[in-house]
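Asks: Got chain A sorted already, so can you dock chain B onto it with the hints?
Here the protein sequences line up with chains A and B, keeping their order. Under UniProt numbering, the first residue of the first sequence is numbered 1, with each subsequent residue one higher. Under UniProt numbering, the first residue of the second sequence is numbered 1, with each subsequent residue one higher.
Hints are computed from structural coordinates only; laboratory data are not their basis. Among these hints, one or two may not hold up.
No farther apart than 30 Å at their CA atoms in a straight line, the calculated lysine-lysine pairs in the DSS-like style are these [as the list claims (entries may be wrong)]:
1. K21(A) x K81(B)
2. K21(B) x K90(A)
3. K119(B) x K168(B)
4. K21(B) x K83(A)
5. K83(B) x K21(A)
6. K21(B) x K119(A)
7. K168(B) x K21(A)
8. K168(B) x K81(A)
9. K21(B) x K81(A)
10. K81(A) x K119(A)
11. K21(A) x K82(B)
12. K168(B) x K21(B)
13. K90(A) x K119(B)
14. K82(B) x K81(A)
15. K83(A) x K81(B)
16. K21(B) x K82(A)
17. K90(B) x K83(A)
18. K90(A) x K82(B)
19. K21(B) x K82(B)
20. K83(A) x K82(B)
Bear in mind that the values here come from a model prediction, so they are computed numbers and not experimental data.
There are 2 protein chains.
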Amino acid sequence: MEILQERIRREGRILSDTVLKVDSFLNHQVDTALALEIGREFARIFADKPVTKVLTIEASGIQFAMATGIALGVPFVYAKKKKAVTLADKVYSAPVRSFTRGEEYQVCVAQQYLGPSDKVLIVDDFLATGAALVGLVDIVREAGAELAGVGCVIEKSFQEGRGLLEEKGVRVHSLARIVSMSPGDVRFADNGSSNPRIKEPV
Amino acid sequence: MEILQERIRREGRILSDTVLKVDSFLNHQVDTALALEIGREFARIFADKPVTKVLTIEASGIQFAMATGIALGVPFVYAKKKKAVTLADKVYSAPVRSFTRGEEYQVCVAQQYLGPSDKVLIVDDFLATGAALVGLVDIVREAGAELAGVGCVIEKSFQEGRGLLEEKGVRVHSLARIVSMSPGDVRFADNGSSNPRIKEPV
Numbered sequence: 001m002e003i004l005q006e007r008i009r010r011e012g013r014i015l016s017d018t019v020l021k022v023d024s025f026l027n028h029q030v031d032t033a034l035a036l037e038i039g040r041e042f043a044r045i046f047a048d049k050p051v052t053k054v055l056t057i058e059a060s061g062i063q064f065a066m067a068t069g070i071a072l073g074v075p076f077v078y079a080k081k082k083k084a085v086t087l088a089d090k091v092y093s094a095p096v097r098s099f100t101r102g103e104e105y106q107v108c109v110a111q112q113y114l115g116p117s118d119k120v121l122i123v124d125d126f127l128a129t130g131a132a133l134v135g136l137v138d139i140v141r142e143a144g145a146e147l148a149g150v151g152c153v154i155e156k157s158f159q160e161g162r163g164l165l166e167e168k169g170v171r172v173h174s175l176a177r178i179v180s181m182s183p184g185d186v187r188f189a190d191n192g193s194s195n196p197r198i199k200e201p202v
Numbered sequence: 001m002e003i004l005q006e007r008i009r010r011e012g013r014i015l016s017d018t019v020l021k022v023d024s025f026l027n028h029q030v031d032t033a034l035a036l037e038i039g040r041e042f043a044r045i046f047a048d049k050p051v052t053k054v055l056t057i058e059a060s061g062i063q064f065a066m067a068t069g070i071a072l073g074v075p076f077v078y079a080k081k082k083k084a085v086t087l088a089d090k091v092y093s094a095p096v097r098s099f100t101r102g103e104e105y106q107v108c109v110a111q112q113y114l115g116p117s118d119k120v121l122i123v124d125d126f127l128a129t130g131a132a133l134v135g136l137v138d139i140v141r142e143a144g145a146e147l148a149g150v151g152c153v154i155e156k157s158f159q160e161g162r163g164l165l166e167e168k169g170v171r172v173h174s175l176a177r178i179v180s181m182s183p184g185d186v187r188f189a190d191n192g193s194s195n196p197r198i199k200e201p202v
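Bound conformation, chain A alone:
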């Protein structure tokens, strides 16, 4: 998705070989027009599947699940992160180890919102280690729902997330696949070429 890659080049802040901050337009401040475009793109990519529900995880996946739900005309569900499962309602849950925060949590979805009649598209902002997304895939399968696939806004292709999902037989599509990055430079998978970042005047 060229408009997204261009925006990452212009506004993304690469803090190290693995840390990319995109909080000026994707996950702290959110460009609503771009988020809607992202939702339409996921709807287009997965148009061959009759999706009934979009699934994501709080918090930074919500704007993209919302946009995708709007584009598809379906509701979305956001899984909640809990230290331990103590919900009154019955939930599907999966353990997730957060590498950035070094802690384990449970990702939970109330059972009444996912079931065998659902065809689910999972979306999230980042695909890196894949830990949270693997948890969501497990929940969809535990619910007996059909999984249309996983759509991610930004993929760090040099981390293991895609491999883990594909091993589970999951179709993965990311709108911007970063093959490598370092401060001042980000390379996308589409053409493999180096794309020097142009810093806009502030």
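Replies: Below, chain B without anything else, positioned relative to chain A:
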């Protein structure tokens, strides 16, 4: 907002005199069409103010900030909840005591995303004790931005939140104002009448 009140009557689960669950359509599973309607309603109500940015707090405010940002054609910012402020970037922050969880946290917004040129509309899903919203109001003022007002989807009018905000000179508008509730019955402020809930067949 009649469509919202009707939905609360039909699908809201009143667990006690103070606890209302609306997670089938507002804050776990989200009806995207209804969320868009809610955004349009906030845009209509605050149409006299030239809003440049919508502000909310993660996670359950995000879908309504997104919808309001779409309706107004502006970006939104979601404040993050932190145990302690350890962000690398400079942030505005305010302490918030969560009554439901019995813990205190910091609500934070990176300074580069709010400033004196902004006219801010704050939105959230619930107005009850007002703790989080008072924190957001303090952040807007600390940033030197102008506050257009606070829009809430559901207000529990029998709790102190509205009073706390109005004491700070804040204009508050809620789309469904609940004056009292108990299992099987919810009363809205609009007409003061009792609205027995009609439970749909599942």
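Asks: Flag every earlier hint the structure violates by its number, smallest first.
Replies: 7, 8 and 13
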